[in-house]
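**Q** For the sequence shown, position 122 (counting from the first letter as 1) is numbered 122 according to this note's numbering, and the numbering increases by one without interruption.
Treat the hints with care, as some may be off.
[Unchecked claim] No more than 20 Å apart at the CA atoms, straight line, and that leaves these computed lysine-lysine pairs for PhoX-like: (1) LYS218 with LYS129; (2) LYS129 with LYS106; (3) LYS229 with LYS281; (4) LYS161 with LYS362; (5) LYS279 with LYS229; (6) LYS106 with LYS134; (7) LYS161 with LYS180; (8) LYS281 with LYS180; (9) LYS15 with LYS129.
[What the hints assert, rightly or not] Now the in silico label distances, taken between C-beta atoms and shown as ranges: (10) THR157 with GLU72: 47 to 57 Å; (11) LYS333 with SER224: 52 to 62 Å; (12) GLY329 with GLY53: 37 to 47 Å; (13) LYS78 with ASN116: 19 to 29 Å; (14) ASN95 with ASN367: 16 to 26 Å; (15) MET12 with ASP332: 19 to 29 Å; (16) ASP223 with LYS78: 45 to 55 Å; (17) GLU292 with ASN95: 49 to 59 Å; (18) ASN95 with ASN116: 29 to 39 Å.
Source of the hints: derived by calculation from the structure; they are not laboratory data. Every residue, glycine too, gets a C-beta built ideally from N, C-alpha and C.
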Amino acid sequence: MVKANLVKDNLMGDKIGVFFGTLAPMHIGHQAEIYKAAALNDGVVVITSGYTGDRGDQIGLPVEKRFRYLREAFNDEKSIKVDYINEDDIPQMPNGWQEWTDRLVKTIKRNIKNPNAHITLYTGEADYKSMLEKLLPNDGHWSVSLMDRTILKVSATAVRKDPLGNWDYINRVFRRHFAKKILVVGAPQTGKSTLTRRLARTSNSPFSLEFSRAYQEKSNVFDSELLLKDYTRIIQGQYDANSAEINSPANNGLTFFDTDAMVTMAETRAWLPDEDAAKLKALFDNTIGEEELDLILVIPPAVAVMNGADEARTKLFDQHLWQVIEDYGFDDKAVLLDRVGGADDPAGYYARYLQALEIIEKRVGVNLTKV
Numbered sequence: 001m002v003k004a005n006l007v008k009d010n011l012m013g014d015k016i017g018v019f020f021g022t023l024a025p026m027h028i029g030h031q032a033e034i035y036k037a038a039a040l041n042d043g044v045v046v047i048t049s050g051y052t053g054d055r056g057d058q059i060g061l062p063v064e065k066r067f068r069y070l071r072e073a074f075n076d077e078k079s080i081k082v083d084y085i086n087e088d089d090i091p092q093m094p095n096g097w098q099e100w101t102d103r104l105v106k107t108i109k110r111n112i113k114n115p116n117a118h119i120t121l122y123t124g125e126a127d128y129k130s131m132l133e134k135l136l137p138n139d140g141h142w143s144v145s146l147m148d149r150t151i152l153k154v155s156a157t158a159v160r161k162d163p164l165g166n167w168d169y170i171n172r173v174f175r176r177h178f179a180k181k182i183l184v185v186g187a188p189q190t191g192k193s194t195l196t197r198r199l200a201r202t203s204n205s206p207f208s209l210e211f212s213r214a215y216q217e218k219s220n221v222f223d224s225e226l227l228l229k230d231y232t233r234i235i236q237g238q239y240d241a242n243s244a245e246i247n248s249p250a251n252n253g254l255t256f257f258d259t260d261a262m263v264t265m266a267e268t269r270a271w272l273p274d275e276d277a278a279k280l281k282a283l284f285d286n287t288i289g290e291e292e293l294d295l296i297l298v299i300p301p302a303v304a305v306m307n308g309a310d311e312a313r314t315k316l317f318d319q320h321l322w323q324v325i326e327d328y329g330f331d332d333k334a335v336l337l338d339r340v341g342g343a344d345d346p347a348g349y350y351a352r353y354l355q356a357l358e359i360i361e362k363r364v365g366v367n368l369t370k371v
């Protein structure tokens with residue numbers, strides 16, 4: 001089944017540009033060439049091409065996902081239309097040139113209205129230009145333009161090797177794929193919201209707030225009064241809050257989350273009747289399955305107890321939290337913030353802050369003390 005841009009008509013005009021490539025990911029060099037093609041033509045077809053196991057797929061960006069990101073990236077550009085070529089059923093290069101070119105021609109034609117339009121393909125590879133000029137239809141409607149690659153500030157290969165080091169070059173829509181996601185969790189009254197905020201601001205990174213707190217304040221309900229329907233809204237609300245920070249223009253490669261669906265699941269296991277908690281499992285499975293976390297910082301329950309929280313209730317929550325983390329395969333991402341403070345830091349807040357910075361550097365590869 002051929003997918004289409006839902007809100008765009010086929011391109012009109014006598015001159016159509018075509019920009020193609022792996023685009024894994026798209027960076028500002030690609031954008032510059034696409035905008036150049038748009039300025040020189042009546043419209044541009046942007047085509048991402050690839051196969052299962054290609055360099056994009058190897059980093060979690062299969063061609064279908066790249067196609068979706070590109071559609072979003074150019075959604076507000078009426079003269080730019082996006083499509084893709086899945087190469088799984090044709091020989092891989094350099095053996096599949098004729099099959100690939102035939103598919104390229106079909107892909108272009110299904111995105112334009114004028115069958116007699118002049119088509120200019122833009123490529124940065126001299127070998128591609130030579131091959132395409134041999135294989136494209138010999139009807140006078142096709143030409144190939146060689147881009148000046150010296151104006152490209154970065155390559156997709158460099159971005160894949162070091163996304164954070166090349167962050168400014170990555171297209172904003174594609175940035176969500178490379179963002180490092182750090183979750184801070186713990187029982188109520190452990191200071192997780194404060195720690196989340198301070199870690200994020202140390203690196204000028206975006207951070208989410210705990211949705212359930214705002215929800216409960218607005219609804220004027222206590223923890224003990226939350227019902228099944230409340231947890232359904234909290235699960236989705238927290239996921240949306242975390243996603244908003246990943247997609248935020250402020251995302252500089254690091255994002256911090258104050259709570260997530262795993263925390264909410266631990267709460268339901270600890271405090272909801274088993275029958276009600278079981279009804280939420282499908283929603284939890286789907287939501288947690290979407291969370292591609294890089295690091296989970298866990299504040300121990302002793303902090304909450306020291307701050308006056310009910311010890312039995314707090315320990316029960318903590319037990320369920322660790323079990324949920326293990327159940328969903330995130331135990332290798334979770335680290336306990338267990339550092340004890342000195343005489344001037346009896347609650348250990350500063351000690352855990354410093355410990356968190358060290359763990360982020362070790363696990364994520366970012367030294368926040370030098371940001």
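**Q** Does each hint hold? Answer for all of them.
**A** For each hint, the structure was consulted:
no., hint, verdict
1, LYS218 with LYS129, "violated, 61 Å"
2, LYS129 with LYS106, "holds, 18 Å"
3, LYS229 with LYS281, "holds, 13 Å"
4, LYS161 with LYS362, "holds, 18 Å"
5, LYS279 with LYS229, "holds, 10 Å"
6, LYS106 with LYS134, "holds, 17 Å"
7, LYS161 with LYS180, "holds, 14 Å"
8, LYS281 with LYS180, "violated, 26 Å"
9, LYS15 with LYS129, "holds, 19 Å"
10, THR157 with GLU72: 47 to 57 Å, "violated, 23 Å"
11, LYS333 with SER224: 52 to 62 Å, "violated, 31 Å"
12, GLY329 with GLY53: 37 to 47 Å, "violated, 23 Å"
13, LYS78 with ASN116: 19 to 29 Å, "holds, 22 Å"
14, ASN95 with ASN367: 16 to 26 Å, "violated, 46 Å"
15, MET12 with ASP332: 19 to 29 Å, "violated, 53 Å"
16, ASP223 with LYS78: 45 to 55 Å, "holds, 50 Å"
17, GLU292 with ASN95: 49 to 59 Å, "violated, 35 Å"
18, ASN95 with ASN116: 29 to 39 Å, "holds, 32 Å"
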